[in-house]
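Asks: Build out the structure end to end from the sequences listed, making use of the hints.
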Amino acid sequence: MERLTTAEAETIRDAAKAKILEMGAKMSVAVVDERGDLITMVRVDGAPWRTPRICQAKAVASAAFGRSSKDMLEMAQTPVMRGLMAMENGRMIPGQGALPVFKGDELVGAVGGSGGTAQQDEDAARAGIQAVAGLTTVD
Numbered sequence: 010m011e012r013l014t015t016a017e018a019e020t021i022r023d024a025a026k027a028k029i030l031e032m033g034a035k036m037s038v039a040v041v042d043e044r045g046d047l048i049t050m051v052r053v054d055g056a057p058w059r060t061p062r063i064c065q066a067k068a069v070a071s072a073a074f075g076r077s078s079k080d081m082l083e084m085a086q087t088p089v090m091r092g093l094m095a096m097e098n099g100r101m102i103p104g105q106g107a108l109p110v111f112k113g114d115e116l117v118g119a120v121g122g123s124g125g126t127a128q129q130d131e132d133a134a135r136a137g138i139q140a141v142a143g144l145t146t147v148d
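Just so we're aligned, residue 10 is where the sequence shown starts under the numbering used here, counting upward by one.
There may be inaccurate statements among the hints.
[Unchecked claim] Calculated lysine-lysine pairs in the BS3-like style (CA-CA distance at most 30 Å, straight line): (1) 79 / 112; (2) 79 / 26; (3) 26 / 112; (4) 79 / 35.
In short, the hints are calculated from the structure, not lab data. Model, not experiment: these values are computed from the prediction.
Replies: Set out below in structure tokens:
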């Protein structure tokens, strides 16, 4: 079984942070494993207090389904999704800004952003994933 290593997660985090700074955004980004457990996170100076929890919750949603959190918006009010969000005590947000991480065909985690526009959140996540050879995400 493939795993996302701490070194890979830190590289993702650092590349996502560089993208955040390049965009001039005030954001946080989180990298989680395939279960949605936090591996690493960064909150840039000036990012709102709420962004660490939101970026992690978006990443949890992406990891749970192996899809971009944007693609899950249509599912947000379904009974199954509402039940999962309740089970996770609000620790799952199906809103744009997170992408799954794959090694080959195997889901190994997800990256979520919060604090920018929805597109900036996703762009930071994508930049982080693209910084690590051998990792992919959805288009």
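Asks: Against each hint, give a clear statement of whether it holds in the structure.
Replies: A quick look at each hint next to the structure:
Restraint check for residue 79 and residue 112: satisfied, since their Cα atoms lie roughly 21 Å apart, inside the 30 Å limit. Note on residue 79 and residue 26: the hinted pairing holds, with a Cα-Cα distance of about 21 Å set against a maximum of 30 Å. Restraint check for residue 26 and residue 112: the C-alpha separation of about 22 Å stays at or below 30 Å, so the hint holds. With a C-alpha separation of about 20 Å, the suggested pairing of residue 79 with residue 35 holds against the 30 Å cut-off.
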